[in-house]
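A.B. asks: Sequence:
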Amino acid sequence: MNWKGKKMTKKIGLGAMVLLILLTALGGSLRYVKTDWNKDILYSKTEYRLAGDEYGYDKSVRVLLEKGYYGFTPFSTPEGPNAFTTPGYTLFLAGIYTVFGYGEDPPLVAIQAIQNLLSLCTGFIFFG
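According to our numbering, the sequence shown is numbered sequentially starting from 3.
Derived by calculation from the structure, the hints in this document are not laboratory data.
Since we're looking at a predicted model, the values are computed, not measured.
Here a beta-carbon is modelled for each residue, glycine too, at the ideal position from N, C-alpha and C.
Careful, some of the hints might be misleading.
Restraint ranges, calculated between C-beta atoms of paired labels, are given here [unchecked claim]:
1) THR37 to PHE129: 16 to 24 Å
2) GLY82 to ALA27: 45 to 53 Å
3) ARG33 to PRO83: 33 to 41 Å
4) GLU106 to ALA27: 34 to 42 Å
5) ILE127 to VAL20: 17 to 25 Å
6) LEU24 to TYR71: 42 to 50 Å
7) LEU119 to THR75: 39 to 47 Å
Input sequences plus hints: build the corresponding full structure.
C.D. replies: Given below as structure tokens:
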């Protein structure tokens, strides 16, 4: 609603909708091609399965699911809640870990697929 109480709507034409669909299809294709779907296989053959901040998020999710609190200590298990980062992405990952399960390795392919899908949906949320 605008300041006068009139409903404001945004209408896009058929051409713009077709363009949005084509760009989303192109984006989906590029994401599919560029995503390393073999991460599970690659990481199972190496000593280091996660890189960069992947390790920290994996550790935070495991502590949350297994111990019941939000904490993170890089090379040990925290004794209580001590995280100083926002929990949003950790909670998102905890949902994926819960649905798809996890063992020694996190469900990397599921995480990548869901993140790619959310990325594509963002275009429709903002431009559709």
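A.B. asks: Each hint needs a verdict: does it hold in this structure or not?
C.D. replies: Consistency of the hints with the structure:
1. THR37 to PHE129: 16 to 24 Å: 23 Å, holds
2. GLY82 to ALA27: 45 to 53 Å: 48 Å, holds
3. ARG33 to PRO83: 33 to 41 Å: Distance hint for ARG33, PRO83 holds at roughly 35 Å.
4. GLU106 to ALA27: 34 to 42 Å: 36 Å, holds
5. ILE127 to VAL20: 17 to 25 Å: 18 Å, holds
6. LEU24 to TYR71: 42 to 50 Å: Since the Cβ atoms of LEU24 and TYR71 sit about 46 Å apart, the hinted range of 42 to 50 Å holds.
7. LEU119 to THR75: 39 to 47 Å: Violated: the Cβ-Cβ distance is about 32 Å, outside 39 to 47 Å.
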